[in-house]
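Trainee: Following the hints, position chains Z and U against chain R.
Residue numbers (the numbering used here), protein chains in the order written: chain R, 1 to 270; chain Z, 271 to 636; chain U, 637 to 918.
None of these hints come from the bench; they were simulated from the model. Computed from a predicted model, the values in this text were never measured in an experiment. C-beta atoms are modelled at their ideal positions from N, C-alpha and C, and glycine is treated no differently. Certain hints may be false.
[Claimed, not checked] Restricting the straight-line Cα-Cα distance to at most 20 Å, the calculated cross-link-like pairs of lysine to aspartate or glutamate (DMTMM-like) are:
(1) K391/Z - E830/U
(2) K151/R - E811/U
(3) K532/Z - D480/Z
(4) K464/Z - D480/Z
(5) K91/R - E909/U
(6) K415/Z - E446/Z
(7) K391/Z - E402/Z
[To be verified] Which chain R residues face chain U? A few, computed with CB under 8 Å, are given here:
(8) I19
(9) V58
(10) I103
(11) L104
(12) P105
(13) I107
(14) L113
(15) T119
(16) L149
(17) W172
(18) N178
(19) F203
[As the list claims (entries may be wrong)] Simulated restraints on C-beta separations:
(20) S551/Z - R247/R: 53 to 61 Å
(21) K913/U - Q361/Z: 57 to 65 Å
(22) R247/R - K913/U: 56 to 64 Å
(23) L356/Z - L900/U: 53 to 61 Å
Here is how the chains run, residue by residue.
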Amino acid sequence: MRAGWFFCYAVFAFLYLPIAVLMVYSLNGEGVGGFPPHHLTLDWYRTLFADGAIWDSVGNSLTVAVAAVIIALGLGIPAALALDRAQFPGKALFRRLVLLPLILPGIITGLSLLMLFDTVRTKLSLLTIVLGHGTALISVATTEVFAGLQKLDRVQEEASLDLGANYWQTFWRVTVPNLKLPIIGAALLIFTLSLDEIAVSFFLIGRDNTLPLEIWGRLRRGITPEINAISTIIFLFSLLAIVLWYRLRTRAEGAPEMAAELIEPAVQGD
Amino acid sequence: MAAATETVVHETRAPSSAPLLRVQNMAKHFGGNVVLRNISLEVAEGEFLTILGESGSGKTTLLRIIAGFETADCGQLWMAGERLDLLPPYQRRVNTVFQHYALFPHLTVEQNVSYGLRVAKAPPAEIAARVEQALAQVKMTAHAKAKPAKISGGQQQRVALARALVNRPRLLLLDEPLSALDANLRRQMQVELKSLQREVGISFVFVTHDQEEAMVMSDRIALLRLGELEQVATPREIYSRPATAYTAQFIGHTNLLECEVKNGVARCHSLSWSTQAGEGSALFSLRPENVRLVTPGTALAGEGVRFHARVRHQAFHGATELLRVECADGLVFTVRTSGRVDLQDDLELEFRAADAVPVRGSGERS
Amino acid sequence: MFSRAYRAAVTLPPLLWVAVFLLLPYGLMFCYSFWSVSPAQTIVHSWNLENYRQLVTVDVYWQTLLRSMWIAARVMLLSLLLGYPLGYFLSFHAGRRKDLLYQLVIIPLWVSYLVRAYAWKTILGSDGVLNTLLQYVHLTRHPLEFLLYSPFAVVLTLTHIYTPFAFLPIYAALEHVPRNLVEASEDLGASPFETFWRVIFPLSIPGVLAGATFAFVLSLGDFLAPLLLGGPSGIMISNIVVSLFGAAYNWPLGAAISLCMLVLVVSLLFVSERLEKKWSFR
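Excised from the complex, chain R in its bound form (with noise of 0.2 Å):
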């Protein structure tokens, strides 16, 4: 039992560690190398607040962030209710292919969409980025809608017809709102994620950088410790993002069953 603790402190270690390394070389005076940091500052920070660019990338990405949402909640959930209700032909490969995005590795979505833009001759911009994070993200919002429509007893949508709601007015007035804790807590995550995709964005990258593209071309020329300040500001945010991600997953069902979405369809077969 002992022993069990101590394990998972040690992975808990190893999980966090080099975030806590970044956090402590963000104050660091020297920046990066030398250990244990020397004197503390926060110029890195000052810094940081008055580079144009950087500022520029967030905005961007701030802005390919919200579009994804949309388009990946516009899409999902649709398909999330057509997964969820509705038989058709091709049923299957739709399911696989909405789900594919999620495991295939990054390049391959974003190599294929730029095959594509490059057929029909559309420019690289963040419109192109915001096609591709839309389409890799909706597999996220299908399989957070489709769990929350699996935990949604038929049986209240039979009542609400029973007392005379049509199929309209029963979606509205009693499957929405029982959605509304899944959507949200899909709207974070696809919007956390899309804040931080790289391998997507690598290839439809326009003129305009996101942010992860904006530090990764720095690092490219040289670490520069700003890097550390912007890096630990991106941690705080996502923490904060996911820990309210979970507390609307644990109100609505308890506790969250992320990635069971992905084995079900395994097993309960086509």
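Mentor: Quick look at chains Z and U alone, frame taken from chain R:
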């Protein structure tokens, strides 16, 4: 006959030999809730004991303590002279049939049944022989190679039984095993379980909330209420001589008559009869089948009480009818009769004074 | 239960989108893989198997593919070794702290990949935290070179990234094991270890398969970690693809390699799914 009001537990049959299991002063609480209060109980060799109670009475907790899945806050468990509560569940010679059977879904029926023997590293030949015998005993031989998902609820229950019995435990615990079955299957299984127990000869401790089930199957019933034992007695005893009002009402139907006893006479509205109960207010339990229609020309043996009442409500129960009748002064009785009777009929009814049993009120504990 | 109009309204948009933005691009990739690039840097639409031939004959390509698979295999094993005990412990022994610990495991998952990979770079460098620490406690005298710009660094970083990915389905599967089965097993005489081996583990296999698949497939296609930390010896197949779409302009060849990766991944998913079904007992 003096009512047994002195003891908390109305124990009416001393075990004929040294008890197999002794529960001594067990108490258990969960969080702020006291689930068991000072339980002391004995289980004899070869007896079928039912722990009966409503939900929240603590019956399942008591069973789980005996099995080893919960530890009591205080008290001791003794089996055959040794402390049982100090052992982990996998070292106790006790096996459990779980409420939802808990069959291993990844193993076949045969593998499920042989599980305990394989863990104990019994020789393969012996395992095969004992499993075969156990499956035959529960009539599941034909399904030996099936997986639990493929057999019905009733069949799963038999497999769970075989899986427990094949290990020849000293004590078998059954946690409401029949509650998931439908009525007819349930009645059939009650009979089968009872005869199985007789055949195998080991002690069964059976937990249920169904009082009819308890009466059909048990050698003795331990009625549990809010964590305390209300009465421990044979089914006949508990039915005809309930110790408390709760017992009288929980098991079977009854009429609870609020009376005043004065000078050896109990008075309830316009009815009266002689009794040996103490002076003051008293409660009497009268079973509906003890209230009979007066047949002209016959007389009851012993002191009888007669009265008139009108039929207000009737429920057809097949062999009998359960009537609610109302006297002129408003006193209401539940009566069980085998004859055909109509609503609003005026009846003349009678009961023997001896059939009115004095009971303690609920909440009174000495 | 639902009207045709409703069903159409719900099914068509995602179906169309998936057709245009997933099926079509994959189809294009398929076509590109059979074309070639002219010396003038234009795509020549002549259908041939040249790219595939190159993939198998040119050393760099198939060797890198194999190395990538080997790296992915190691990451998969390590992630399982770390993720399974963590999942088991959280599910069965964590008690009241289960929720909190679960959150702690999934948080790193969503914290920027780039950030974490970059962090490892600072730790593993010859000037970095680990080396400085080792020299500080006199375990080594010179900085260990192999820590950075090597397959070791890639495996380490990818394990760090993908252990939570492996953890998730394992934890989900373990949580689904009915607790009364554990009690039944102990009731029948099995010690906690035997109970784990005979009951808990077999029932968690679908989760293990899913976790292993995630870790393997995602590591295989990774291009950031090798680029940041791999050095020349740690190049993986995705880096080659990236350069073919960049400086070493050869889209058709890149498409061919990508298609191979796609086929490989899809086959693995298919196999994994079959196995999961076989090992599921619902």
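Trainee: All the hints need checking, so say for each whether the structure fits it.
Mentor: Hint check:
1. K391/Z - E830/U: holds, 12 Å
2. K151/R - E811/U: holds, 17 Å
3. K532/Z - D480/Z: Distance ~38 Å between K532/Z and D480/Z Cα, so the pair is violated.
4. K464/Z - D480/Z: Holds - the C-alpha atoms of D480/Z and K464/Z are around 16 Å apart, at most 20 Å.
5. K91/R - E909/U: The hint holds at about 17 Å.
6. K415/Z - E446/Z: violated, 27 Å
7. K391/Z - E402/Z: This hinted pair holds, its Cα atoms lying about 17 Å apart.
8. I19: Hint holds; I19/R Cβ to chain U Cβ min 6 Å, cut 8 Å.
9. V58: violated, 13 Å
10. I103: Hint holds; I103/R Cβ to chain U Cβ min 6 Å, cut 8 Å.
11. L104: Given a least distance of 6 Å, the restraint on L104/R holds.
12. P105: holds, 2 Å
13. I107: Since the shortest Cβ distance to chain U is 5 Å, the answer is holds.
14. L113: Hint on L113/R: holds, closest Cβ of chain U at ~5 Å, below 8 Å.
15. T119: holds, 6 Å
16. L149: Given a least distance of 12 Å, the restraint on L149/R is violated.
17. W172: Nearest chain U Cβ about 12 Å off; hint violated.
18. N178: violated, 16 Å
19. F203: holds, 7 Å
20. S551/Z - R247/R: 53 to 61 Å: The hinted range 53 to 61 Å holds for S551/Z and R247/R, with Cβ atoms some 58 Å apart.
21. K913/U - Q361/Z: 57 to 65 Å: violated, 38 Å
22. R247/R - K913/U: 56 to 64 Å: violated, 34 Å
23. L356/Z - L900/U: 53 to 61 Å: With Cβ atoms ~57 Å apart, the hint holds.
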